[in-house]
Amino acid sequence: MAPEPLRFAVLGPVRVRRAGTELDLGRPQERALLALLLIRAGQPVTVSEIVDVLWGWDPPDTAVNVVHRHVGSLRRLLEPGLPNRATGQWLVRDAGGYRLVTDSDSLDLLRFRALRADARRAASDGAPARSVELHTEALSLWQGPAATGIPAQARAHAAFGALDDEYLAAVKETADAALRAGLPDAVLPRLREAAAGSPLDEPLLARLMLALAATGQRAEALTTYHAVSGRLADELGIDPGPELRDAHAAVLRDAAVPAAAAPGAAEARSGGGTAATGHVGPGATPLPAPAQLPHDLATFSGRRAELDEVLALVSSDARSAETVVISAIGGMAGVGKTTLAVHWARRVMDRYPDGQLYVNLRGFDPSGAVMSSDEAVRGFLDTLGVPPERVPHGLDAQAALYRSVLAGRRVLVLLDNARDTEHVRPLLPGSPGCLTIVTSRNQLSGLVATHGAHSLNLRPLDTDEARELLIRRLGHARAAAEPEALTEITALCAGLPLALACVAARAATHPHFPLSAIAAELREAHGSLDAFTRAETPVDVGAVFSWSSGALTPAAARLFRLLGLHPGPDITAPAAAALAGLTVREAQLLLTELARVHLINEHLPGRYAFHDLLRAYAAELAHTQHGEDERRDAVHRLFEHYLYTAHAAGLLIAPYADGLPLPPAPAGTRPEPLADDERAQTWLTAQYAVLLSVVDAAASTGADRLACLLVSSLERFFDRQGHWYDWAAAQRTALDAARRLRDTVMEAHALRGLARAEGRLGLHDASGAHLDRALELFTELGDDVGRASVHRSLGWEAEQRGDLHGALRHDQLALDLLRAAGGQAAQASALNAVGWSYATLGDYRHALSHCLEALAVLQDLGDRVAQAATWDSIAYAHHHLGDHPRALAGYRNALALYQDMGVLAEEAGSLVRIGDVHRATGDDESARAAWRSALTILTDLGHPDAEHVGARLRELGASRVPE
0 MAPEPLRFAV LGPVRVRRAG TELDLGRPQE RALLALLLIR AGQPVTVSEI
50 VDVLWGWDPP DTAVNVVHRH VGSLRRLLEP GLPNRATGQW LVRDAGGYRL
100 VTDSDSLDLL RFRALRADAR RAASDGAPAR SVELHTEALS LWQGPAATGI
150 PAQARAHAAF GALDDEYLAA VKETADAALR AGLPDAVLPR LREAAAGSPL
200 DEPLLARLML ALAATGQRAE ALTTYHAVSG RLADELGIDP GPELRDAHAA
250 VLRDAAVPAA AAPGAAEARS GGGTAATGHV GPGATPLPAP AQLPHDLATF
300 SGRRAELDEV LALVSSDARS AETVVISAIG GMAGVGKTTL AVHWARRVMD
350 RYPDGQLYVN LRGFDPSGAV MSSDEAVRGF LDTLGVPPER VPHGLDAQAA
400 LYRSVLAGRR VLVLLDNARD TEHVRPLLPG SPGCLTIVTS RNQLSGLVAT
450 HGAHSLNLRP LDTDEARELL IRRLGHARAA AEPEALTEIT ALCAGLPLAL
500 ACVAARAATH PHFPLSAIAA ELREAHGSLD AFTRAETPVD VGAVFSWSSG
550 ALTPAAARLF RLLGLHPGPD ITAPAAAALA GLTVREAQLL LTELARVHLI
600 NEHLPGRYAF HDLLRAYAAE LAHTQHGEDE RRDAVHRLFE HYLYTAHAAG
650 LLIAPYADGL PLPPAPAGTR PEPLADDERA QTWLTAQYAV LLSVVDAAAS
700 TGADRLACLL VSSLERFFDR QGHWYDWAAA QRTALDAARR LRDTVMEAHA
750 LRGLARAEGR LGLHDASGAH LDRALELFTE LGDDVGRASV HRSLGWEAEQ
800 RGDLHGALRH DQLALDLLRA AGGQAAQASA LNAVGWSYAT LGDYRHALSH
850 CLEALAVLQD LGDRVAQAAT WDSIAYAHHH LGDHPRALAG YRNALALYQD
900 MGVLAEEAGS LVRIGDVHRA TGDDESARAA WRSALTILTD LGHPDAEHVG
950 ARLRELGASR VPE
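Residue numbering for the sequence shown follows numbering that gives the first Met the number 0, beginning at 0 and increasing consecutively.
The reader is advised that the hints may include incorrect statements.
As the list claims (entries may be wrong) - Beta-carbon label-pair distances, calculated as ranges: (1) T582 to H294: 30 to 38 Å; (2) G125 to R424: 38 to 46 Å; (3) Y655 to E219: 51 to 59 Å.
Note that these hints are calculated values from the structure, not bench results. Ideal Cβ positions, reconstructed from N, Cα and C, are used throughout, including at glycine.
With these hints in hand, go ahead and build the complete structure from the sequences.
Now the structure itself:
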């Protein structure tokens, strides 16, 4: 007999109706279980997930039995005549759990999704009014927050949070459709309601502002903008983002919202999101979608069951588009977690058109160089086009911004080698449509419990899969010739892919060796990796690695051992040469030998990395086969290589910087040769992660002086690249090191550097306190140059606060000290600072006298960066004196210097001011050309000033703002 028709509701209170009569759903936990089955919308729910939802972290011992009783009660509720232990037709067993049989006629959630799909089709068919009608009908199904009436603990589960996100995404999509169709009244009530519940959702509030303006409520739209600006500043410490600023500009212009310009128009047309990068202002060109996945392994084999399992998670387009899918892949080191994750990601990457993000969190790095969550989230924000100055303070605020940037987009995120659940929690997207893959040696049960993650625990390959891996790498003919030897090798490696890869590499590099000989060598090898080998694994991993490294030449084996002492994520030939005391050519040949047998991997041209299991093995060998003095000398040579190369690079990009001087390089130290500032910049960028690791490693191993000197050498690079959070962290490390050394000079420099980084981050109270203490120390030392540098920083801080007279006072004190101490470059820079302060106060004559004096000195010294800044100050003064020809000449001189040096942000600034001068003279065409060139640069950089330049062009009536 067919089941009696039922109607289920979860978009609001959880309800079930039979023939129009609402059923009593019983106890709170039974209601919560029904809600979970409903939001899974026909997908199976495992017993473990039910336990997590009902009890969280502390389930009773009888939890599984209680779940079975609740299931029985629900079955009898839905089918009153059902005999005990009968299968039932509504609630069925499926995939080790339970599934509620529903469709779009019986469940409001599925009806909601079907209506949204119909609305999108109507829009693509050219029926915008019908699209809005269908969207609003879909929203009308919501009778309050989803799954109301269940216990709060169950409602807090991530599965229900994803449904909340789905509702907000639907409201935004409806708003876009209504604005394009010219029907803003249709969505305004829902927008108001949603905005009240999500007062920090910038894309949502931008749409509310546009809808208010489109219905003639411009004043309320502006009030909304100011209210959310205040909340963002108070609660997250950030300014409004691009969408809010664009909406604000549109409201101020009282502009209608054209169909193609409505927020989310691109998403509606494509069915997905735009590139997961920020729009940085009017006319902004989105950055390309990120594509950070590592390359797939050409010889990938096996793992069929596991692949089928994870591919099923995203096999349904509807499900993957409407939910947050998280998968946690666990297993011992070397079992192939990353290889499987990358292979899976590349199989499904076409489903995520807004890009792929990847990070190696180094959660179990033997060197201890674990990537912190805040470092990882800032890296993602940078990749997604968020300018450094828009990144808020604190991990929670940064994670919130990261989730906001991904809102409404379809992005694949691969978080490799995580330490634990807390390590990855800030990196999880919050929007439907994203896939997150996490790998870890731990099981990440917290991720399963609180975020509904799918857990997959990898075991070593079975015998057939291990044989398949070797055959694919060795070739069928060779494997078939010695089946017994192949079987023995497979058994000795016990299915561990990393061990199998090492053996296959050894065999491949010696194609004439019989496999039986390789099996015998492997059988006789010995080694240990107790700290990284699970007790249940029947293979001695160290034996495999010992055998593999035993096949090396003695020089390569020695380098392999010493590489285990390197603290960074990868290494180059010059650094390896310093570590081992070799020439660069010798080191390069040995690295190539190691890569051939898969003991290291050339993951980027000229950059070599370990699997962390092999790193641990190399470090173990280094400690057992090399004495303490030899290890210390090797690490010291390595650190000095990085220090002296970084210092030389710093001087090339900022020849007159005020950092700590270095003593002469010790005998045998060979910094890398850097021909010019471009090469220096390239080297610093490539080595950046390594240099941060060296700072931490030096400070943690007693090399405090080297840590202080290295941080000082990196100051200008930190600042120019906008790495202000890393700069502040490194300066704190240097400050602690200086205090351990009781070195007042280094402490004063560290305090000043820390204050500069804090100032860039907007932490002006902390910056001021550190500058005051640095000034005290430089005064005690009798270091007038140091005092002057602190006054320059205090002047900058005063200008940021709007205290222009205070800024002039500090700049003048700095100039007076430097004139007494000597040093032409520093004096000239201070002269320009004083001149600029006069200009900001409107005293343009004094400004010119100081800046022209500075320029003469800087031209003699050849300091092009400072020359460009001084030309800019001179031009600013001429402009405000009404001397437009000289203003143009000055700005063009600055522009030429910035273009020659490739300082793009400053080049754009000069172009903006050139446009300002042309506009003041009535030459609108020249102003338009200059501003367009500036806007192109600023949008490419993702710079927030792009909005202001776009506004200038619109005010000028530009026929077309660059896109």
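Hints, one by one, checked against the model:
1. T582 to H294: 30 to 38 Å: holds, 31 Å
2. G125 to R424: 38 to 46 Å: holds, 44 Å
3. Y655 to E219: 51 to 59 Å: With a Cβ separation near 54 Å, Y655 and E219 satisfy 51 to 59 Å, so the hint holds.
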